[in-house]
Structures are given as C-alpha cells and as structure tokens.
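With the hints as extra help, turn the sequences into a complete structure.
If you're matching them up, the sequences are chains A and B in order.
To convert, note that position 109 of the first sequence is 109 in the UniProt record's numbering; the numbers rise steadily by one, no gaps.
To convert, note that position 171 of the second sequence is 171 in the UniProt record's numbering; the numbers rise steadily by one, no gaps.
I should point out that these hints are in silico values taken from the structure, not numbers from a laboratory.
There's no promise every hint is true.
The calculated lysine-lysine pairs, modelled on DSSO-like cross-linking and capped at a C-alpha distance of 30 Å, are [what the hints assert, rightly or not]: (1) K181/B <-> K221/A; (2) K300/B <-> K310/A; (3) K300/B <-> K59/B; (4) K183/B <-> K221/A.
Each pair of labels, with its calculated beta carbon distance range [to be verified]: (5) D283/B <-> G112/A: 42 to 50 Å; (6) G284/A <-> Q389/B: 17 to 25 Å; (7) P173/A <-> K15/B: 49 to 57 Å.
Backbone N, C-alpha and C fix where the C-beta goes; we use that ideal spot for every residue, glycine too.
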Amino acid sequence: MFDKFITEDAREIVDTVARALQEALPLDRLSRPDGGLAAETGFWPELLALEWPGVDLPAAIGGSEAGAWTETGIFREFGRHLLSPGVLAVTLAASVAQEGGLPDLARDILKGQVSPALAVPLANGWAGVIGTGDLLLLAGEGGLSLHRTRPEELATAWAFDDTLGAARIRLDPATALTSLPPSAQSRLRLLRLVAAMQNGIAEATLTLSRDHAATRQQFGKPIGAFQAVKHLCADMAVRTAAAGALLGEAALDGADISDCAAAAMTASTAARDNASATIQIFGGMGFTAECPAQLYLKRATLLELVVGGKEGLQDEMLAA
Amino acid sequence: MELRTTQEERLFREKARTWLEENVPKEPRPPHGREANDHDRAWQRRQFDGGWAGLSWPKEYGGRGLPLDLQLIWFEEYARAEAPEATNTLYVGLNHAAPTLIASGTPEQQAFHLEKILSAENVWCQGFSEPGAGSDLAALRTRAEIDGDDLVVNGSKIWTSNGHYSHYQELLVRTDPDAPKHKGITWVIGQMDLPGVDIRPIRNMAGGDHFCEVFYNDVRIPLSSVVGKVNDGWRVAMSTLGFERGTASMAHQIELTQFVENLIDYARDNPGPDGRRMAIEDDTIRSRLAAARAETSALKAITLLSISRARRGDAPGPEGSITRLFHTELMQRVHRLAYDLTGSGGLEMEGHRGWSRQYLEQMRQTIAGGTSEIQRNIIGERHLGLPRQPVIAKGA
Numbered sequence: 001m002f003d004k005f006i007t008e009d010a011r012e013i014v015d016t017v018a019r020a021l022q023e024a025l026p027l028d029r030l031s032r033p034d035g036g037l038a039a040e041t042g043f044w045p046e047l048l049a050l051e052w053p054g055v056d057l058p059a060a061i062g063g064s065e066a067g068a069w070t071e072t073g074i075f076r077e078f079g080r081h082l083l084s085p086g087v088l089a090v091t092l093a094a095s096v097a098q099e100g101g102l103p104d105l106a107r108d109i110l111k112g113q114v115s116p117a118l119a120v121p122l123a124n125g126w127a128g129v130i131g132t133g134d135l136l137l138l139a140g141e142g143g144l145s146l147h148r149t150r151p152e153e154l155a156t157a158w159a160f161d162d163t164l165g166a167a168r169i170r171l172d173p174a175t176a177l178t179s180l181p182p183s184a185q186s187r188l189r190l191l192r193l194v195a196a197m198q199n200g201i202a203e204a205t206l207t208l209s210r211d212h213a214a215t216r217q218q219f220g221k222p223i224g225a226f227q228a229v230k231h232l233c234a235d236m237a238v239r240t241a242a243a244g245a246l247l248g249e250a251a252l253d254g255a256d257i258s259d260c261a262a263a264a265m266t267a268s269t270a271a272r273d274n275a276s277a278t279i280q281i282f283g284g285m286g287f288t289a290e291c292p293a294q295l296y297l298k299r300a301t302l303l304e305l306v307v308g309g310k311e312g313l314q315d316e317m318l319a320a
Numbered sequence: 001m002e003l004r005t006t007q008e009e010r011l012f013r014e015k016a017r018t019w020l021e022e023n024v025p026k027e028p029r030p031p032h033g034r035e036a037n038d039h040d041r042a043w044q045r046r047q048f049d050g051g052w053a054g055l056s057w058p059k060e061y062g063g064r065g066l067p068l069d070l071q072l073i074w075f076e077e078y079a080r081a082e083a084p085e086a087t088n089t090l091y092v093g094l095n096h097a098a099p100t101l102i103a104s105g106t107p108e109q110q111a112f113h114l115e116k117i118l119s120a121e122n123v124w125c126q127g128f129s130e131p132g133a134g135s136d137l138a139a140l141r142t143r144a145e146i147d148g149d150d151l152v153v154n155g156s157k158i159w160t161s162n163g164h165y166s167h168y169q170e171l172l173v174r175t176d177p178d179a180p181k182h183k184g185i186t187w188v189i190g191q192m193d194l195p196g197v198d199i200r201p202i203r204n205m206a207g208g209d210h211f212c213e214v215f216y217n218d219v220r221i222p223l224s225s226v227v228g229k230v231n232d233g234w235r236v237a238m239s240t241l242g243f244e245r246g247t248a249s250m251a252h253q254i255e256l257t258q259f260v261e262n263l264i265d266y267a268r269d270n271p272g273p274d275g276r277r278m279a280i281e282d283d284t285i286r287s288r289l290a291a292a293r294a295e296t297s298a299l300k301a302i303t304l305l306s307i308s309r310a311r312r313g314d315a316p317g318p319e320g321s322i323t324r325l326f327h328t329e330l331m332q333r334v335h336r337l338a339y340d341l342t343g344s345g346g347l348e349m350e351g352h353r354g355w356s357r358q359y360l361e362q363m364r365q366t367i368a369g370g371t372s373e374i375q376r377n378i379i380g381e382r383h384l385g386l387p388r389q390p391v392i393a394k395g396a
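What follows is the structure in structure tokens.
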C-alpha cells in the first residue's frame, strides 16, 4: 500500500537514502565491536547535512518540507538498516521544540549542535535512555517532553541491545524545557515514524527469512519447500502487508491519532513477530549474536517502548 | 491518491443512499435454507429492477460498467444501510459463473445466462470439489465422455453450496483421463434438473443445510454447454478463482468494517461478559476491539490497492491470497469476539442479533474456496518465490 501510493519524487529521495545507507552503514558494521552507535554517530553529520532528519519539518527551523510520504519512506529505510532510535530523537526533538515554542533549539538540533537521545519513563522517577546525548526526548504515555542533561548524570546500565548502550537518569518533570500532551502533532509524528521504522524491520526480516528458506538445505531440499517453514514465511508476508497498508493510511493528509496509533501498534507487532520467526527459521544461527535477526528483534522491542504502553495506544485507536 | 471526492461521486452516493433507505428489506433475512434463497432472490430482483445490479459488469453484458470507486461507494452505502449480507446464496452466479462466462463463454451462452443471473431468475452453484479432490482440486475424477453432440457425465461432487435449489452449476469434469491432470479437465454448464442428477443436502455445523453432495449417473449435457474448449477447463476455472480472490470480496470487507464499528458501539453500551462493567472497560475485550478496528482498516487499505491494480487492467495476482488469508482469519477473530461479547446470551443460536450462528458460520471461511494452508502455499511459492513442496511419490 505504502509503496503503491508514494509519489515519484518521494520515491526518488527514499531510494537515494537507501543506497547511501547501504554504502555507509552496511548491516555487517554491527558485528564489529566499534560498529554500533560509534559508527553510526560518525555518519550523523553527513545525515544532518543531507537534511534527512528534517525532511518534513518547517523551513523556518531548517527543515526541507518535503512531506510526510518522504519522511515516512526515509524512516522505513532507517528501520531496515538498523539505525538507532537516536535518529528518531533528532527529528522528534526538533519537532517538539518547534511545536513547544523553542524554534532556536529546534534549529540547533537540526544543525547537529545539540545531540538528543530518546528516553522512556521507568518507575520511581527514573527514565531509561537509549544511546547518549545532551538533550533528552522523553516519550511516554503522558506525552512528549524535552530535558537538558549532562553526560555525568547518566548512570550506565547493562544494555538490552549492546550495540546501542543504555543508561538511566532521574528526571524531574518540572525541569522540562517544554512538554506536549499526547494529542500533539509531534506525537502523531512519533507514532507514524515508529510505524515506519517497524515496517522497515518487518520487511527486512521477511527478506532475510525468505532468502534463507530458499537456500538453506535439509533433507536434500531447501527448507522453504516444507510447509512448516513456508507457512511461517507466508504469515510474515501477511503481517508485513497489513502493516504497510496502515503505514500508508498514517501518511495521508488528515490522518488522525487513531490512524497513527493503529499503524504503530500493528507495525510493532509485525516487526516483533517477524523478527522472532526469523530467529526460528535460522535455527541455531538465529540464536547467535552474529545473526542480524536478534538485532531486529531488540530494535523492534525498544521502538515499541517508545510509543508507550499498549493500553494507551488502544485508547487512542478506539477514540472517536 | 484515490480519495478525492468528485461531484459525480457525491451525487452517486446521495442517489445510492436514498434508494437504499427506501428499498432495503425491513424483515430480517432468514438464516439459511430455501427461505434464505427466496429472500436473496427477491432482494436481488429489486436491485436489478432499480438499476443497482451488476454495477461492475460491462454495459454490453447488461451491467452498468461503473468505475471501481463508484462501486466502492455503493458497497459503503450498502453496509451503512445495513442491507442484507451481500455474500449470499447468489454469490456463485454473480461472482463466479458470470465473470467466467464474460471471460470465456460463447455469445450464445452469454446472451442466455447473464441477465438471468443478474436478475436472480437463475441460481447457480459450483461443482468443483469431490470426495477425493479437495485442496488437490486437479485430482478430480468425475468423468465426461463425448457421445455424439453430448457429454455423458458420471461421478460425484461435494460441498456444493445451495445445490438443492440451484438451476445451473459450474461443473468441472475429466474429459481426458490419459492427459496430465491439469490438461484433461473441461468446464461445462450443468443443469441441475437433468435426468441422472441426484442432490443430497448435507447438514452443516451451524444448523443449516446449505451444502450438498451431487451424484451424476449418465447425465447428458450438450457440448454447446462447454465454456472455453474441451480439456481447457483448468485455465477457465483458475481465472474464476483469481477473480474471487481479487476484488469480489470487497463488499464483504466493507460489511466487516461496519460490523466492527457495531461491536465497538455495542461494547460501549452493554455490560461485558463478567456483568460488572461495560464491555469496553474490560481490558481483554478492549484490546481485541482495538486490534479488530486496526485490522479491518488494514484490510480495507489492501483492498484499495487491489482496486487500483484492477483499474490498471492487471489480473488478480498471488497477493490476492494475502488479502484472502488475512480477510478470512480476521473474520473468524471478529466473529469470535462478537460471540464472546454476548456472554451467556451465546446459548441461543439466533440470540444477540444472530452473532452465535455467525460465529459458527465463520468456521467455513478458512476452508471453502481454498484452505488457509493452500493460501499460505500460494503466498510462499508465487509471492515469495520459495520452492514447491516435495512431491510425494505414488505409493509412498
């Protein structure tokens, strides 16, 4: 659905992004010790120079106003190429700053002078931080807020995904630079972009599984010839199609919170289920750190945290 | 994008809405049997007389040749008016037989049959499956030998929905037993009241007798009833199935969307299964309703994609199997949810707006017209390009 209705201009930009990512950040970077966040942040100045994170943000803050379809398509590539959720933080922190009346901060973010990281609320006043940065975008059920932070305030934690790192910090809501309610435009953007990255993950894992099932032989046949494996792949294709359909709905003009929540929730489920199925289809290889399937699973799981709990999304989906 | 509303579309919607308000039958449709078929025929006839039948059919075949987006508006208004379910006992004639005759029939066959299908004068059934040929349809063995100007048919068919009150049948028979199994099959128009045809209804799990076993004992069918060529029936049949897996389910999908909205309204206004609070306050019900709304929305979006593909003139492809698999399994989830919403009211088959019966009826969806397992094979092999499953050697 998404691919059928994306405009030619948008498609051209998205294809360029995909090629550049393939070259600069090939998946095998993540199997090197320094290939995770370090390799990726090395690429960020270039990313910012190309204006991708601000592709659908207002020109007044340095965005290029190329439209939601382009932005959605680019973030799907970010998901496919396993870019960290930090890339989401750049776009959303700029979006929140702009919507919250801090245009100068928004401009600095898009210029790369401030590095935002994503944070999600934990219990007892703590927030969990994915990656590192000097500005935190806190995304939770209560809405979105921006917080200044200093690296020394971050307490490093054992990371769920060690290619990303993890930390925790005490956040006082009163110190927020700005706070937006869950109904804010920036939250709709968050839901749509998470849906896009999750679509990228769902598609990438479908391709991995398909290619493996078509080549890996057991009992003298490619394992994809056996229905038990073929049907796992078919179910992945169905989930991916449904998630792609809702992503297209979320990128339409006039998409509301219910559309965006449905897209985020459906895509998150598709990404996690597809990644799990990929681990299963790869067998013993699937359980190794070397196989990218595990990274897709971890990223899909973390992205799901960023859109808040399932209950909140369900309320939004049933609204109206 | 296709969502622009033109003046033409607005006017069409208004006309459809007005007509439906005035003409949708007030009495509920009987759940099954001949009474249901009588109801379906009267309703179809009314649509035919009002000029609302065959919206998608080409004008030269008695249809209105409307573009697909106007048809979609009709389906939306149809669901909104809570008109009787569109997938009814006339489905095979309207959605299988007629498209097949339009694609492969002779001018004589078209002239004789098409209008009678559209006006519900004639009811059609399908004669594809056999006791020994279900998912492996091409293994069918009902034999037809050419004798003069006739085919002489012997054998039996099964799961023939509505066979006992149908006038005609799309019948697949084996005309060349020595050819490879897909190459010796012929598609022929069978008449249900011919001498030698014996029809036995089979009671189904939802209490109806909508499907039948049909026996053929030296049944003589004129060769002029063959659609396509002798031994070319597999190709003719597959184009029909392709059609079914494509846009024909659109009306039903829109009804399903409406049904989910009705469930959400019901859950807001009625106590949940535990009787302690409104159903929508129950976390499990709430989560299932949210998923159902998202999934019907996804289904609708995927269908819009098929529409734009059909508009470009592309034949329904294997992605039709993705839509079908998603659609049929979603229907089962939604109707199971509807049943669960009724609590102990589910004891009564027709209680709670017939939701109990519908829940049971949905069990057929993942079996009829190609099982979910076959759909997954098609998706795996034709969409994803995975190798075909190993052929099981004879005698193994």
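Exercise. Would you mind confirming whether the straight-line C-alpha gap from K300/B to K310/A stays at or under 30 Å?
Key: The hint holds at about 23 Å.
Practice problem: Check the following: the C-beta atoms of D283/B and G112/A are separated by a distance inside 42 to 50 Å. | Solution: Distance hint for D283/B, G112/A holds at roughly 43 Å.
Quiz item: Can the suggested window of 49 to 57 Å be confirmed for the beta-carbon pair P173/A and K15/B?
Solution: For K15/B against P173/A, whose Cβ atoms are near 56 Å apart, the range 49 to 57 Å holds.
Exercise. Given the hint that K183/B pairs with K221/A, test it: the Cα-Cα distance must not exceed 30 Å.
Key: Answer holds: K183/B to K221/A is near 28 Å, not above 30 Å.
Quiz item: Is it true that the CA of K181/B sits at most 30 Å from the CA of K221/A?
Solution: 25 Å, holds
Exercise. Note whether the CB distance of G284/A and Q389/B lies within 17 to 25 Å or breaks it.
Key: 24 Å, holds
Quiz prompt | Hint consistency between K300/B and K59/B [alpha-carbon to alpha-carbon, up to 30 Å] | solution = The hint holds at about 27 Å.
In terms of the numbered hints stated before, the structure departs from none.
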